[in-house]
Structure formats: structure tokens, C-alpha cells
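Asks: Here is how the chains run, residue by residue.
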Amino acid sequence: MSHRIWQHPEIPAGDTTVAWRSARSHDDPESLHEWLERQLPGNASQMTDEADLETSRRSFLKLMGASSALAGFGLTSCRRPEGYIVPYAKAPEWVIPGKATYYASAMPRAQGATPMVVTTFEGRPTLVAPNPLHPDASGTDAFAQASVLDLYAPSRSRNILKSGKPASRNDLNAAITGLATDPSAKIGFLFGTDDCPTRTRLVKELATKYAAAKFYQYEALTGESSAALGDGVKGVADFSKTRRILSLDCDFVATDPQGPVTPFFDGRKPEGKNGDAKPDGDMMNRLYVVESAYSLTGGMADHRLRVAPSQVLLVAGQIAREFGLSHAKGVNDITDAKQLAWIKPLVDDLKSHAGKSLVLAGSRQPAAVHHLALAINLALGNLGAGKPLAAMQTESHDLGSLSTLMADIHDGSLESLVLLTASNPVYDAPSDFKFQLALAKLKTSIHLGERADATAHASTWHIPATHYLESWADTRSVRGTYTMVQPMILPLYQNCVSELELLLALLSDSGNLLSGEGNQEAPSPAYLAVRKTFAALADDTDTAWKKFLRDGFLTDTLYRLIEPTMAKSAAADIADSNIKTGKAGVPGIDALQVIFATDASVYDGRWIDNAWLQESPDPVSKLTWDNAALIAPKTAKELGIYDEIIATENPRALASPDGEAQNRKSPVIQVTVNGASLEIPVLVSFGQAENTLVIPLGYGQGIDKHDALHREPSNQTHVGLVGINRGFNAYALRTAATSYFATGVTVKLTEKRYPVALTQEHHAMYGRALAREVSTMDADDDKGGFAEQLANVSTQGNDAHAPPNLSLYEPKGSAFWHPGPEGQAQNHLSDPLHQWGLSIDLSACMGCNACLVACQAENNIPVVGKEQVARGREMHWIRMDRYYTSQPDNPFDADNPAFVPQPVACMQCEAAPCETVCPVNATVHTEDGLNAMAYNRCIGTRYCANNCPYKARRFNFFDYNKRNPLVAHNLYQGPLGKTAIGDPDHLQKNPNVTVRMRGVMEKCTYCVQRLTDAVIRQKRAPNQQSLATGIPSTDADIPSSTLRIPVDSVKTACQDACPAAAITFGNLLDHETASLGRTKRIDRNYDLLHYIGTHPRTSYLARVKNPNPEMPDAKYVGKSTIHMG
Amino acid sequence: MANTFPRWCNLLPLKIAFCLLSVAVGLCAAFYYGATPKTLVVGYQPAQPIPFSHKIHIDQLGMDCRYCHPFVEVSGHANVPSASTCWNCHQHVQLESPRLAPLRKSIDPAYPGYDGKPIEWVRVHKAPDYVYFNHSAHMNRGVSCQSCHGNVNQMDVITHDQPLSMGWCLACHRSPENFLRPLEEVYRMDYNAQSFLTQHPQPGVQSPREFGLKLKERFKVNPKTTCTTCHR
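Chains A and B supply the protein sequences, listed in that same order. Basically this note's numbering = 1-based index in the first sequence + 7. Basically this note's numbering = 1-based index in the second sequence + 3.
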């Protein structure tokens, strides 16, 4: 057979959309081809590092010799070692070995707890999923999904520290007793900004006990939103009542939540939430976003305006002026004609949807923008019960801020401080606060935290905190529903104490610090305290309590609604901000503006030691394991650093369009602002406002001698193996006045180069009409109106012209092994009960990493470390592709490309190209339509991955599960390397999924363990029925239908996690009734690479944009159909 | 012309051949002994911490399998009973027997050596790690314990009865009719298809095999042989 190279059809004439992933592929699309034809980056499968070569070849030969010699000794490996079965001594109730138990709990967070259902196996929590019963349930995000790994993190703090040195529990107890027995103590408490009703109750008791007690709250990135609404009042959005949304730099779908977000995504589906209505643009909401750099919210926008951060106020002011609001009088005018042309129709659109629209201001924007947003919302009548926005009174009020805390320390009204915040103030407080010096002034400071971070080391005492999966507490979800936090497991380490336990010890007369169940197996004091709070809210009966434990929440416990008015300080705040903004002006090339951004992987820095989050690529920049400064291409060119940034650094590697391989290095720039400077690598970012720089916060917490830039080792003990040498600390640049953005930044290119692990061109796909997009508007071109565009989705690209693909092979199984009723061969998809399928709605997918991390937790996917990611060896089964597209003739803003995310995992092709090339039949098709992987049969030829047009397969180049990839060169040491990933890490593993070894190919299996479990569970039903009726089973006829699992009764892990409800999974044979049937019947449904004839079981629903025809760029919206290569 | 090769060389090829042959035979024998399933597991009969006799409990006392292994119908694992299960009876029966010392050590706080630690039973039946065997899928569909574990009711010491190799699994998955029973008979250790048919005549069924085919049809048993059935 001749070597067959697939020629993709020509890009349809008239399709002028340009699509790209990285700067290089944008500038030089021709160089893409060779790259795209590869399965992995040029030398992913080679060893090029000198040090590694030396150790590996020699040790390989040595070991081979040794092992063959040892194999001769009596074939010891063939003897089965003696194993033991260790049942419980006293069997606990509800635990069935081999079956998961599910408990309702919640993860307390600053913007409202995430209610969840936790999967536990024999007492080990392994996975979290949203709690579907909860009224505020809104999926989970990557942080919630990854939080379960933190419980088992090897770097977790487990020792009590006194001034940074290990100390004994007795010494700590003495210190706590000292405080508890001294009611005159000048004691302060610094809380996080999450709500905990029991804590609120205890605060009152503490205030009674300690006359001089003071209470503060602090988290690094909470912003100034309360300035407009009042102390402890937050605006909660109800997107189900919202038709038009304007976001003023508010990333409400991801890092800056404003309310349950699932209804927003429901409003992105023209067929409605259930997919059964007639498609109609009026069913959809419309999103306008004003922001500086791409956020996931910006990616979802129908219309996006990019302005420098200081200009957001001017845009808000201009909009307020259009509404005739007096508040905006002091704000400078906008002079840019294009911006005015963008604002005018937006205001008209908002006005025509008064009471059904919503203006959201980002929490990092100054108070002035919040005042203006409130004024506009009030003018539109958007506030109140049953309206898009509700102002709610939270429990976090009358608490001091970090600056009042500083003042109190300095004037001596505080001698002791208990730090309970989840943030790390010594590291993340504004640098001009010099918080560490203030902390040192205190007589006693007690820090409670899960990490022995900078604050832990700077405090006199550090107490290791229990994880939320180990402790009793309560919390409130985003709209205030009283929600349970219950422990799944006793604290793994005996010194761990929860926040409530510590407060209770201080409240007690003796100061006795009790944690967990103690030695007497008495219930934790926190449990009793939570029950007391609950009894006051509901009633004291066991029945009510048990229902609460089961459901995880108490109904009708929302926050109190309040009627907000414009704050008295509004005018002053606006005028003040306007002066500052006026000074800042429009940033220029000599004085850039820097945005200190919330990071999608480490948030404010608290997740620095979470390997799943570190390895999940940033949704926008696709950078893993580090942070980097992002800069618009035009600005980079003007600064003269553009060519440096996109230059291919590795001449030996087959150059990827992005120069990505293990030697990809980014130039390091020196950023100077506020009199401080920072050296940080720089990357090009599209759609960013010119003359701005984005630096994600939270990195650079600890450096040791292995650092790639040879930075001075510092704070090595503050982080574990995951967080060491990760990125660059931008908090050092940040002052109280410039907490979220700063002006007057100068940038200088240095000689240094820093290796970065970017995944944007890894496993890059090519083909026609990969992601498809339509618009609800008739744009006067050949695409036609909305109905016509929908009808044409399935023929976009070249699917209309592609000839029917004739297979050489009959779709038949083996007549020998699987004979049909007459002994003939059957169709290989012969299962009459279940045929699995999945669909992904690109209209709802925003490109966050929730599915990717959930898949990692469910399927035991290993972490491979930065060096391996750089080589293209990341193992994530779901690849989150991110494309940019632009229309060359777009006169409005050609440098503002559209942002198109597309998750790609194994498509479970019915005619799978991978199966035909496997020499050992390790990947074969099952009767129910799965493309199965038998790991134990795989010999690692990688032919299958080479033949996969979707590049959905991942190969274990090393034993990532057994050898710690985070230790330098460890993987290359073979059996001589350090073995364990970390101390208790294996406890997180899902027992129903194989932990794959080196040399094995793996990929998405539609969570086959869940499918098998559901099918087997269903098999019990006929048995039970037959026995219950009393008819002998020999006479009972079991209809086939009873063996089919109930409609929509099984979910894949990614589907479960998705906050956007973009993923639908089900049985194709339930076509009429299942939600999967509905999504597959929708016009927008299409197969990825349909024209190559693989018949994938996963299909996509085209993305729909809902532009406002009056907007200047409306014609160019909704045209992002991706053709690559 | 002098002989280039000394005389003893004449037999050299034969000697080499003999040596190679014996090495080959030796390797084959070693492989046969070491790696074939029979010698691996069948007949494996380790001593247990408590010399528990299935024979006494099932055959003499008539206990059902599910008293001690209750999760066999609902879970993939047929659990080994926890000490508290044994204690239900043995706090009254044979309490002072020295053979029950490990049990009392595990569960009886009144016992001098009590430590509350679970009993470590020696594992007899073990599918490899990459096999996800599910008991409940079999018990609920008319496959008896006996088919895989043998005549447990006759075992004083639990013994590995069947090879539990992949070929052995597939033999039944390809023709389950040879092993199916009525659902009521799954836990009956003295079941005999022929005598069952005599007592409960089935219309149109003559032989046990025909009976198996009928049950397969009735229960809609259609065992799969694709990889994901057991491997994932």
C-alpha cells in the first residue's frame, strides 16, 4: 500500500477568516504544515539532554544485564507473592468495599461556597462534583475540582511551628491557654472573606469574652465592590432574568464570580436550556465586555471593547452620561470616535431592555466604576427581588480591613493576632504596607493555615489547618443558602486544627485545644458548635439535622435583600478616581500600564502547591507551571521585542510554529513600576489593549538552587516540590494605591532567557471547519440569515462537497468469535441496549479547565512536570484548544481577534483509524461503541497516536505515577530514581481505574468505569423483580428493556463538573427521550473532521454569537469558523 | 598434510548441539513449571490465621454464603467478613477455643491480648490488577459461586479450585449456557442441573445444556468478550 497523505480540501472561497493559535502560526502559516503532521513536538520522543543521556544509556545497559542475570534465579517473578485481605474489625455503616459513598459538603470560598457532592472510597475522598439539589448549584471550577488533591498534598503543613521551627503541641497548648485565660488580652482576629455562620456566632462570644478584641478580614484580591453597595453588601446576579449584560472588566464566568453562572450559559443556547425549543436569537442573552486583556468572559462576548484599565472608568462614565446620570459629570469625556460608536448602540440596547439587563463592574476596578455601574443599574431598574441584580447583606460586616489592622498594630492597641485568612498577607499584602515588620511588632501571632507559607514562618506560631474535607463547619453559598461543610475523613495529621476548633479553644475557660475526635473519640467541638448554629436556624431534632447532612443545605436561608442607594461617597470617589485616571491618561509606549491579574491556576497564590492546577494550561496564554508578562503584539513590536519573543530557540528541534520544545525560551524583561522592578519572561497575547502589560499574581513564593535563572535561593521552606521555582512574584510591584493596575511602567529587555512550557501548539490539529460559528444576524453576505446559517452548519468547511467515504472494510465483527444468531458475522456495534455518545456545545463552552481537572481526578491521570510538558508529553485526556480568529477587512478593530475555545478528547470513532494500526489489538472497539484501550495489552508502539487525526491519545513516556517527575532528572534514573510522588498521594486514586505504567498509551474512555458500573447495577433489577414476585426465575421472562440503564442516569466526570452544562452524555439508543438525543438533533450538531469518514461518537454544537446589528463590528461577529493548515 | 583440527573436534558439532538442546529443553521445562497457570494457583491452599472451615459452616450448619459475604450481590468485591460478623455468633459459640484467639484479639475488649486490629486473612483468589472482575454482575445473572470457587462446602481449608485465567473466563463468556442456574439456586452448593430438571420439569427441556440455553434466553444473558468488559 502506498504511503497515503491526506490532502485536506481547499478552504471554501469567500471564507476570509484567519485562525491561529500562536504568534508564529499567525505570522507564518506556511511553516505550520510539517509541524501539524507530527504526533508530538520534534523531539518529544528523544533524549537530548546531555546529563540525561549519560545516566540513561549506561544505566540502561547495566540494568538490563543485571535484570537478565536475576531472572535466572528460579523464575522468582513467576511465583505469586502472599497477599492479605484485611477486612474491618468493626464494619462501619454504609461502607461497601468497592463501592463509592457520596456525601454532601461544600468548599468555603470568598465569593460564596461551592456546594458539592464528594465521592469517597472506603473513607478516602477522591473526587468532587456539584451538588445538583442545592439552589445555588452552578457546576464546579478547576479550583474546586483540584482542591481534593490539596488534602493529600505532600507539601501540606503538618507540624506546629514556633517562629519557623518545629515545636510541640504542649508548648502551643500553653500559649493558647495563656490567651484563653486572659480576658483582658489585646487580641485581634484576621478572617478570610468567606462567610461562616458558626464563626459569626463565635465572634460575638469572643467580643463578649475579650473586651479589647478586634476583628478584621482580609483576602488579597477582593477589590472595592463594597464601596458602592455598603459594608458587607454584595450584588448577586441572576442571569436567568438577564437579556443584556455589560461587563466592565468583570470576569464573572471564571475568576470574579457574581452569582450562579449556569443560567448565563443556558442563555447562550439558541434552543434554550433543554435544547428542545425552536432556535431563536431572542432566546439568547447578549454580552458586551469592556476589558484590557482577554479573560474567559471576554472570550464569550458578543461585542468586546479593549481599553487600557484606567480607561474603563471613562467608558463607564460615558455610558452613564448617555443615560443622563449626573454622577458621571466629573468623568473625562471619551474622544475616540470608534469607542463612541461602540457605546451608543450599547446604551440603546440596554435602555430597550430596562429591568432585564445588567451592568457588572469587575472587583479589581476602583470604587468609582462600581458607583457608576450601580447608578446605571438603578436607572435601568435592574435591582430588586425578581430582577437581574440583588443587593444582599452578607455576614461579613463591621470587620476592619488590613489597613486598620496595620494602624492598630502600630498604635499598640493590639498585642496578639490570630491569622485565620486563607490569604498569605506577608507575601500578598501591598508591598508598601510592610506587613512582615508590623507582624514582628506583635507579642504573639498565631497563624492557622494549610501551607507553611511566608506568613506561617513570620508568625510566632503556625498551626497546621485541617482541609475542608476533614473538618466540621458551615458556610453560605453565593446567595446565602446555609450550607454544610462536613468531614469525609479524620484529619490525616494529628496536629491539624480547624478554624472553629481554634476559636472554640480560645472561648473555653481552660484554653484546651481539642481537634478531630481527640483521643476519646468524642465528637469534634466544631461539630457541636455547628449543630448549635443549625439548631438556632432550623430546629434541634435529629431528623432535621440528618436531612441537612444528606442534602448539604437548608432551604430558605438566603441573605437578606437590601435596597441600595448611591453611597454618599460616590461623587467624591468618582472625582478622585477621575483625577488619578486623568493623571494616568492613555498609556503610552514609554509609560505602560500593568494589570496585576488573578491567576487561573494559583488564584492569589494559595494554590501554588497544587500540581493539577499548575499543570493545567492557562485558559488564555496556555502557559503551564509559571507566570509570564503578557503583551499585545503591536506593543511588543513598538518596544522592539516582538522578534525576540517569537523566535525559535532550538535549532535542533523540528521547529514548531511557536518554537515549542523543551528548549523553548522566552526573553526576560525587566519591568519597573512604583520604584520596584521585576524580571519576568514575556509572551505575546492577542486581543490585549495596546501599551498594557498583564502580570498574573501568586507566583515566585520560593526559590532554590535548581532555578532556571539562578535566582538567589529564598523562602525554600515556604513551598513544596510543586511550588518551588515557579514563576515570578509580582506582589513586590504592587502598592495599596495600585493594587490592581499601575501606570508609568517601563520595560527593558534583558539578556536572560527563561524556559517556558506552553501547550498552545501541542497536539495541534488541522483540517477544515474544526470549530464552527454562526451569527444570529443576517450579515448581508452569502451566509444568509440565522436559520440558513444553522441549516448550513453541518456542511461548513468542505463537508458539503466531501464525497461519501467508502471503507475498504465492512463494518463487521468476527464470525468466529462473535457469531450472530445464524452464525454470521455481526455489525461490530451490536449492543442492542447501549450505544454511548457525547456532545459538546461550543456555544456554552468558555474554555475553563474544570473538565480537564475533573478528568484528571476521575481517571488517575498523572502530573508530568514542567520539563515534560515542554516536550509535549502532558497527559491530560482533554485538550483545551484555544484559537484566535480575525477578519482582515474588519475596519473596527483588526487587532481584537475573536477567542474560540474547543475541548477535544477521544472522539470514540466508529471507524477508528487508531484501531486498524495497533499490532497487538490493544485498542479495539466494543459493542457499545467505545474505542477501548486495554492497557495491559499495549506495548507502546504509538502507531495509534500517530494515526489519530484528532491527536487525542497520550503516551506514558515514563512511569509518572511511580517516579516523581518533579525531582530534577529523576525520570531518567529508572528504578534508581526517587519513587514516591509524595507521601499520601496515592490515597486520591480512583480504585476503579488502572494506574497506567510506563510505555502505555491512554486516552478518554467516556469514563468507562462509570458506564460499566451503571450497566452492572442495572442487571440487579430483573433479579430483584423476579425474586420479589415469587414466580420461579425459570418462568420469569426478563424483558431486554429492563437491562437498559435509565435515561440520563450516568454522567461522565467532565459533564458533571462543567459549570456551563456544555457537555451532554448518554445512550444514543434513547434517542427520543434522552437529552443527548435532543442535542444531536439540533441543527448546530456537527462531527469534527466529518469529511475524513471516522464517524466520531462525540459531536460538537456550533457556537452562536448574538451580535447587535447596530454595533459597528456586528458584521464581523460570528464568523469564527476555524480552518487550520 | 597435518590435521588442522585435532581429532576430538569430530564430535564437537554434536556436543554443541547437545548442549544447546539441553539448554532449550531446560528453559522450556522451567517456563512450563514456572509460568503456566496450573502451578501458579490451582490447589493453592495457604494456612489462614484462623483455621476457618467452610465445610462446617455451610455443610453442617447450613449457612448461606451471603451471611458472611453480604455485598456479593451489590458490589464488585465479595467482601471477606469483618471481625464483628464472626463475633455475632462466636461471642456465644466456641468462645474459649484457642483457635479463635486472633478473632478475640481483634474484637473482644475483654480478651487479654485485645488490640482492635483487623485479622489478616491470606488471599487465595486474586485476579490481576488490570482485571476488574465484578461479583454482582455474575451472581445476579445466574452464575453460582461454585462455578469459580469450586465445592466450597466441602473445603475444610479454602483452596484455589479453578485457574481463573483469561482463557478460562472467556470459555464461560462465550458459552454461558454450560454454567447458568435458576436465580434461586445460585447459592446452593449441592445444585445439580439434572436432578433440578427431574424435580422441576421444564417444557421442551431435556438436557442440562438445553436448560442452560433456556435460561440464557430467559435472562437475556449475553456476556461480552470485548476488552472493556474486564479491562479498563
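Source of the hints: derived by calculation from the structure; they are not laboratory data. Since we're looking at a predicted model, the values are computed, not measured. Beta carbons are placed, not taken as given, at the ideal position from N, Cα and C, and that holds for glycine. Check the hints yourself; a few may be wrong.
Stated by the list, open to error - With beta-carbon atoms standing in for the labels, derived distance ranges: (1) Glu795(A) x Gly170(B): 52 to 60 angstroms; (2) Asp1044(A) x Val96(B): 41 to 49 angstroms; (3) Thr108(A) x Arg102(B): 30 to 38 angstroms; (4) Asp132(B) x Ala529(A): 35 to 43 angstroms.
Said to hold, decoys possible - Calculated pairs, BS3-like style, for lysine-lysine (alpha carbon to alpha carbon, straight line, at most 25 angstroms): (5) Lys554(A) x Lys644(A); (6) Lys106(A) x Lys18(B); (7) Lys106(A) x Lys217(B); (8) Lys554(A) x Lys641(A); (9) Lys106(A) x Lys227(B); (10) Lys448(A) x Lys221(A); (11) Lys169(A) x Lys575(A); (12) Lys248(A) x Lys221(A); (13) Lys221(A) x Lys358(A); (14) Lys554(A) x Lys539(A); (15) Lys58(B) x Lys996(A); (16) Lys996(A) x Lys106(A); (17) Lys575(A) x Lys336(A); (18) Lys217(B) x Lys227(B); (19) Lys672(A) x Lys587(A); (20) Lys129(B) x Lys1058(A); (21) Lys441(A) x Lys587(A); (22) Lys216(A) x Lys193(A); (23) Lys227(B) x Lys97(A); (24) Lys108(B) x Lys969(A); (25) Lys97(A) x Lys217(B); (26) Lys280(A) x Lys1058(A); (27) Lys985(A) x Lys969(A); (28) Lys553(A) x Lys575(A).
To be verified - Selected chain A positions facing chain B (Cβ under 7 angstroms, derived; list incomplete): (29) Gly90; (30) Ile92; (31) Tyr95; (32) Lys106; (33) Asn1030.
Asks: Next step is simple, just say for each hint if it's right about the structure.
Replies: Hint-by-hint comparison with the structure:
| no. | hint | result |
| --- | --- | --- |
| 1 | Glu795(A) x Gly170(B): 52 to 60 angstroms | holds (59 angstroms) |
| 2 | Asp1044(A) x Val96(B): 41 to 49 angstroms | holds (44 angstroms) |
| 3 | Thr108(A) x Arg102(B): 30 to 38 angstroms | holds (35 angstroms) |
| 4 | Asp132(B) x Ala529(A): 35 to 43 angstroms | holds (40 angstroms) |
| 5 | Lys554(A) x Lys644(A) | violated (62 angstroms) |
| 6 | Lys106(A) x Lys18(B) | violated (62 angstroms) |
| 7 | Lys106(A) x Lys217(B) | violated (33 angstroms) |
| 8 | Lys554(A) x Lys641(A) | violated (59 angstroms) |
| 9 | Lys106(A) x Lys227(B) | holds (22 angstroms) |
| 10 | Lys448(A) x Lys221(A) | holds (17 angstroms) |
| 11 | Lys169(A) x Lys575(A) | violated (46 angstroms) |
| 12 | Lys248(A) x Lys221(A) | violated (41 angstroms) |
| 13 | Lys221(A) x Lys358(A) | violated (46 angstroms) |
| 14 | Lys554(A) x Lys539(A) | holds (16 angstroms) |
| 15 | Lys58(B) x Lys996(A) | violated (38 angstroms) |
| 16 | Lys996(A) x Lys106(A) | holds (14 angstroms) |
| 17 | Lys575(A) x Lys336(A) | holds (16 angstroms) |
| 18 | Lys217(B) x Lys227(B) | holds (18 angstroms) |
| 19 | Lys672(A) x Lys587(A) | violated (37 angstroms) |
| 20 | Lys129(B) x Lys1058(A) | violated (30 angstroms) |
| 21 | Lys441(A) x Lys587(A) | holds (24 angstroms) |
| 22 | Lys216(A) x Lys193(A) | holds (12 angstroms) |
| 23 | Lys227(B) x Lys97(A) | violated (38 angstroms) |
| 24 | Lys108(B) x Lys969(A) | violated (36 angstroms) |
| 25 | Lys97(A) x Lys217(B) | violated (43 angstroms) |
| 26 | Lys280(A) x Lys1058(A) | holds (17 angstroms) |
| 27 | Lys985(A) x Lys969(A) | holds (9 angstroms) |
| 28 | Lys553(A) x Lys575(A) | violated (47 angstroms) |
| 29 | Gly90 | holds (4 angstroms) |
| 30 | Ile92 | holds (5 angstroms) |
| 31 | Tyr95 | holds (4 angstroms) |
| 32 | Lys106 | holds (5 angstroms) |
| 33 | Asn1030 | holds (4 angstroms) |
When held up to the earlier numbered hints, the structure conflicts with 5, 6, 7, 8, 11, 12, 13, 15, 19, 20, 23, 24, 25 and 28 and fits the remainder.
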